[in-house]
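Given these sequences and hints, build the entire structure.
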Amino acid sequence: MMRPGDIAIVGAAESPEIGTVPNVSSTGLALDGAVNALEDAGLTAKDIDGITTGYFPVADISRQLGIFPKWCDNTVVGGCSWMFQLRNAAAAISAGYCSTVLITYGESGRSTRHLTNTGDFGAKGGLGQQFDLLYGAGRPAAMFCLPVVRYMRDFGLTEEQLASVPVAQRKWAARNPRASRREPLTVDDVLASPMIAWPMRRDMCCLVSDAGGAIVVTSADRAKDFPKPPVYLLGSGGGLEAGLASPAGGRDPLWPEFIRTSGRAAFEAAGITHADVDHLMIYDAFAHNPIFGLEGLGFVGRGEAGAFIAEGNTEPGGSLPMNTSGGGMSYAHTGAYGMLCMLESIRQVRGEAAAQVDGVDIAVAHGWGGFWSACSTLVFGKDRP
Amino acid sequence: MAHPLVPVPTPETQPYWDGVAAGELRLPRCRACATAYFPPTPVCPHCTSRDIEWFTASGDATLYSYVIHQRPSKLWNVDGPMSVALVALAEGPMVLSTVVGCEQTPEALVLDMPLRASFIPFESVSVLAFEPAPDRAGVAR
Ligand SMILES: [Zn+2]
Chain A
221 MMRPGDIAIV GAAESPEIGT VPNVSSTGLA LDGAVNALED AGLTAKDIDG ITTGYFPVAD
281 ISRQLGIFPK WCDNTVVGGC SWMFQLRNAA AAISAGYCST VLITYGESGR STRHLTNTGD
341 FGAKGGLGQQ FDLLYGAGRP AAMFCLPVVR YMRDFGLTEE QLASVPVAQR KWAARNPRAS
401 RREPLTVDDV LASPMIAWPM RRDMCCLVSD AGGAIVVTSA DRAKDFPKPP VYLLGSGGGL
461 EAGLASPAGG RDPLWPEFIR TSGRAAFEAA GITHADVDHL MIYDAFAHNP IFGLEGLGFV
521 GRGEAGAFIA EGNTEPGGSL PMNTSGGGMS YAHTGAYGML CMLESIRQVR GEAAAQVDGV
581 DIAVAHGWGG FWSACSTLVF GKDRP
Chain B
241 MAHPLVPVPT PETQPYWDGV AAGELRLPRC RACATAYFPP TPVCPHCTSR DIEWFTASGD
301 ATLYSYVIHQ RPSKLWNVDG PMSVALVALA EGPMVLSTVV GCEQTPEALV LDMPLRASFI
361 PFESVSVLAF EPAPDRAGVA R
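Taken in order, these protein sequences are the chains called A and B. The first sequence begins at 221 in the working numbering and counts up by one. The second sequence begins at 241 in the working numbering and counts up by one.
Worth double-checking, as some hints may not be accurate.
[Claimed, not checked] Not the full set, but computed from the structure, chain B residues with beta-carbon under 10 Å of chain A:
(1) Pro244
(2) Val246
(3) Thr250
(4) Trp294
(5) Thr296
(6) Cys342
[Stated by the list, open to error] No more than 25 Å apart at the CA atoms, straight line, and that leaves these computed lysine to aspartate or glutamate pairs for DMTMM-like:
(7) A:Lys448 - A:Asp280
(8) A:Lys344 - B:Asp375
(9) A:Lys344 - B:Glu363
Calculated from the structure, these hints are not laboratory results. Just so it is clear, the structure is predicted and the values come from calculations on it, not from any experiment. Even glycine gets a Cβ: it sits at the ideal position worked out from N, Cα and C.
The structure is reproduced here in structure tokens:
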């Protein structure tokens, strides 16, 4: 049985450049992230005996890095796949299948997406291809945001509160030189930005970026042998819900059970309560994602998250610093943001983030995949319990 | 070759698409637990039975939630914004679709409004859509 802190992250890095990176493919970004993470850990490819990736075959990446692993994982459940892969890697290391795992990610969402990524449309004859994608034409704003209008009616969420989500995150981005959008943003600015899919306006939608990143994971018993302070994995959770591209396959689109399942598992494994959490990342492809995440994870009650964010609680100086890189709406969002989401948690626990929060001992990262198809919750800690 | 967004039936979903071609909404229903479900698959998602029958649904539905997409795919041949909607069928299942036959505005698209199934062209095939059914206004969900 894995205990909190048995597994540690000992290497973590992004590709040298993120945002707009022309002339580097998705696999190229993944390799850049991998080499940077190995350097960050003071390791070489020879030290790695387990590897994971998603959106391209894992053997393609291991071969290009000269890694010949005895364990691998190619789990793809959408944007949070790499968070699932970390959980799987922790289990594999605990089981003794391997000792040191490299989790690699790259996506040229902006510049060269047509080159090495797997296709954007579902396989011919798949349920998503037959019944979902034609209506939204594969456009995330037309799929992921479907529950928002009903949530607004049932819980009184206003357009101004929805607009306050990117506004709060922009205040963090202003402190982060690597964020793509750092200029000041007001609620009025957001509400004046072009309509994409009512009620979602452009500034309530994520960026479209290029980025790569990777982390190196090993047993906590070895974790003090590396150049950077270890970040311990205290707990993790995950769940699947709709299984289709749309929320139509889910049980309750306004109150998806899988968020609570995932969050409970992670918090119970870590032995923490909400009051213990110093820093939070909630994958923000769209402005409503952090609202659903805050409520589903139990940080606030149902219907309370919009006001919680609008009142400044997640901004610099607030009680619950959230999405401190700037998030998918201001920092970078490639298509699958899960790796970038957890890398910011890791930087905050290490104390090396651009917009560093004071005293981050425990950080939680929560990601989504395939719109409402999958989610993952991770709890990171500075100390081994 | 057809555009990748044009639905491609499988043997399991063919009865649904045959229904659409005939202007009917046909759904699978589990004989073991009497639950109608969507999308059509060979196993009941409620009880895992493979004892499935097809029936023609009423087409009655209500609007659960939606967005109004400002730039729908050219394949729809519509001028301007288009709703993408979660629609609750009278028989229980939720489907993803679009509401046609009314202004594509928040004022015209009222949550829980009664709808009825209709079928509209999407490139080379017909697909499920819904239109307002004001004659059913006041009917409880
Ligand atoms: Zn059944």
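Hint-by-hint comparison with the structure:
1. A distance limit of 10 Å between C-beta atoms decides the matter here; for Pro244 (chain B) the minimum to chain A is near 4 Å, and the interface restraint holds.
2. A cut of 10 Å between beta carbons decides the hint on Val246 (chain B): the least distance to chain A is about 7 Å, and the hint holds.
3. For Thr250 (chain B), the interface hint holds, the least distance from its beta-carbon to any beta-carbon of chain A being 5 Å, beneath 10 Å.
4. Given hint, Trp294 (chain B) at the interface with chain A, is violated; its Cβ is 16 Å from that chain's nearest Cβ, farther than 10 Å.
5. Because the closest C-beta pair between Thr296 (chain B) and chain A is about 18 Å apart, greater than 10 Å, the hint is violated.
6. At about 14 Å, the closest approach between the beta carbon of Cys342 (chain B) and any beta carbon in chain A exceeds 10 Å, and the interface hint on this residue is violated.
7. Distance hint between Lys448 (chain A) and Asp280 (chain A) is unfulfilled; the C-alpha atoms sit about 29 Å from each other, more than 25 Å.
8. Distance hint between Lys344 (chain A) and Asp375 (chain B) is unfulfilled; the C-alpha atoms sit about 39 Å from each other, more than 25 Å.
9. Between Lys344 (chain A) and Glu363 (chain B), the direct Cα distance comes to roughly 16 Å. Compliance with the 25 Å bound is thereby established for this hinted pair.
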